[in-house]
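Asker: What follows is each chain in one-letter form.
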Amino acid sequence: MDKHQIVIIGGGSAGIAAALGAYESGIKDILIVEIANECGGILQQCIHNGFGLHTFNEELSGPSYAEKYFNLIKDIPEIKITYNSTVIKIENDNVLTIQSTEGLIKVKADAVIMATGCRERPAGAIGIKGNRLEGVYSAGSAQKYCNKQGLLVGKNVFILGSGDIGLIMARRMTLEGAHVLGVAEIMPYSNGLARNIKQCLEDFDIPLYLSHTVESVHGDGRLSSITLIEVDDKLQKIEGSEQEIECDLLLLSVGLIPENNLIEELGVKLDPRTKGAIVDDTYMTSIPGIFACGNALHVHDLVDYVSQEGRRCGKACGEYVLGKQNKNKIINNVLGNGVSYMVPQSFHFGNDVDFMFRVRKVFKECTIHIYGDGFDKKIKKLGIVPSEMQKASITAEELKNLHGDLSWEVIE
Amino acid sequence: MKLVCINCPRGCQLEVENINGEIKVTGNSCPRGAKYAIDEITNPLRTVTTTIAIESVVYDRLPVITSSPVPKGKMMDVVKALKDIKVKAPIKLGDIVVQDILGLGSDILACKSIEK
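Line order of the protein sequences matches chains H and L.
When we follow our numbering, the leftmost residue of the first sequence carries the number 1, and every step to the right adds one.
When we follow our numbering, the leftmost residue of the second sequence carries the number 1, and every step to the right adds one.
These are computed hints drawn from the structure, not numbers from a lab.
Please note that the accuracy of each hint is not assured.
To be verified - Cross-link-like lysine-lysine pairs, in silico, DSS-like; alpha carbons within 27 Å at most:
#1 H:74 x L:2
#2 H:198 x L:72
#3 H:198 x H:377
#4 L:92 x H:80
#5 L:88 x H:148
#6 H:148 x L:86
#7 L:35 x H:364
#8 L:2 x H:198
#9 H:148 x L:83
#10 H:198 x L:35
#11 L:24 x H:198
#12 H:198 x L:80
#13 L:35 x H:144
Stated by the list, open to error - Distance windows between CB atoms, simulated:
#14 L:84 x H:74: 47 to 53 Å
#15 L:45 x H:75: 34 to 40 Å
#16 L:22 x H:398: 49 to 55 Å
#17 L:85 x H:336: 55 to 61 Å
Unchecked claim - Quick look at which bits of chain L chain H covers, simulated, 3 or more residues with Cβ under 8 Å:
#18 43 to 49
#19 74 to 82
#20 107 to 113
Glycine residues also receive a C-beta, built at the ideal position from the N, C-alpha and C atoms.
Okay, chain H solo, but in the shape it has when bound (with noise of 0.2 Å):
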């Protein structure tokens, strides 16, 4: 059987990044295990610019940032690819079958990283009426054909879901020559960038409807409408509010679910409320072993932060693979007011750490009080919203004097 120090299961940009991160950290014999035929995950699809902003001080394409961060680890010997080789089972002891172009194989690893990505939620999972149709797609898919292959999947588009990934379909599809007829989002308002409901809807004149969701889907074969409802504040349908859209494609822009199979069958423990596993600082999970990062462990908005926390797992799952793991003690997060999740979980006594977070709702000016016994920080911030992941970096030095849990909360 082969053995390797570090798989890296997934070549995205979390991938990249922590066999970079493996790498500098003194790892020699690192896999990455890659479905596609190309580094760079999603990346490669999402053809708008705006990435890279922190990183390479650039607001550059997906498949740009794609390639620039790629250029950081293509020539390093002891970082080797797999394409088109999917892990389909880990076992215990870290023993993991790889389905490839030369079959299956058995691997070891002495430590694994899961940056496996994250899913649509698809129809089924939302309950829409109807049938089995052509013409309902996710969002993410029908970005595939027509980026990936220039194929429309549909000419009258109307849209679920007023995340980033809904509103950049908007644009995108109306510039390929569809008629986007309007996008419903199930909130009374949109967790998407304000520069996207600017530049993707209102730049091109189209209709947002707010506290509506699509309640049935209607055609032969091939969509041929929709019926559209609007919601209540307790987001329950409003008897007597249907209204059908004639239209033949329905996108389904409707959360994105951190992909963990592969270590579910292992019985890691979850996160309810990020979906990804409970990691410490080290970014490993329950399993020893086993770490993960990116939108595996919880789903990103930038991908600097993902690149960042990649590196991190990636350096630190090599520290364990050496024997160099800080072994003090955790210390856990205790959530108070306003914040919605926070990775890592818990965390070492003695290391620097960065806090990824998400707040519960739109703080125009409030402040992060990150408290404890033996410490207390205040960190203001002005303008701060759900759908934009925050950053607290916390030194070894300023926490030296911490007895028992972290406390962490939003006063406005």
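Let chain H serve as the given structure and place chain L on it in line with the hints.
Answerer: This is chain L only, laid out in the frame that chain H set:
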């Protein structure tokens, strides 16, 4: 006229008035907001990203971007003008695939390197 500034997460609510040809902006917390409002009123510009056809062993489409933003009203025209263009591999990230598209002063650049 009301506008939301998109330069930073603060999202200041801007009020723009045209007083005898002079544009007055209020509600901004920084000078970038004032500039954004003036640009949006007088000559809104947008970066265009799309794909063009490529002759390659591996890929069907090459992602491209305008080298500088073009007038908002010309976005659709730019995409239309690229529909019949086909380039050949090899291409390097940053290559100019079309110079001065529609005479707008912006080039079309390759966003990806494609070897063959």
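Asker: The structure should be examined with respect to each hint, and the outcome stated for every one.
Answerer: Hints, one by one, checked against the model:
1. H:74 x L:2: Judged against 27 Å, a Cα distance of about 49 Å means the pair is violated.
2. H:198 x L:72: The given pair, whose Cα atoms are some 12 Å apart, holds under the 27 Å limit.
3. H:198 x H:377: Violated - the C-alpha atoms of residue 377 of chain H and residue 198 of chain H are around 36 Å apart, more than 27 Å.
4. L:92 x H:80: 23 Å, holds
5. L:88 x H:148: 16 Å, holds
6. H:148 x L:86: The given pair, whose Cα atoms are some 15 Å apart, holds under the 27 Å limit.
7. L:35 x H:364: OK: residue 35 of chain L and residue 364 of chain H at ~22 Å, within 27 Å.
8. L:2 x H:198: Between residue 2 of chain L and residue 198 of chain H the Cα gap is close to 13 Å, so the pair holds against 27 Å.
9. H:148 x L:83: 15 Å, holds
10. H:198 x L:35: Distance ~17 Å between residue 198 of chain H and residue 35 of chain L Cα, so the pair holds.
11. L:24 x H:198: 21 Å, holds
12. H:198 x L:80: 22 Å, holds
13. L:35 x H:144: 36 Å, violated
14. L:84 x H:74: 47 to 53 Å: 34 Å Cβ-Cβ, so the 47 to 53 Å window is violated.
15. L:45 x H:75: 34 to 40 Å: Holds - the Cβ-Cβ distance for residue 45 of chain L and residue 75 of chain H, about 38 Å, lies within 34 to 40 Å.
16. L:22 x H:398: 49 to 55 Å: 50 Å, holds
17. L:85 x H:336: 55 to 61 Å: 56 Å, holds
18. 43 to 49: Since 4 is at least three, the answer is holds.
19. 74 to 82: Per the Cβ count (3), the hint holds.
20. 107 to 113: holds (count 3)
Violated hints, listed in ascending order, are 1, 3, 13, 14; each of the other numbered hints is respected by the structure.
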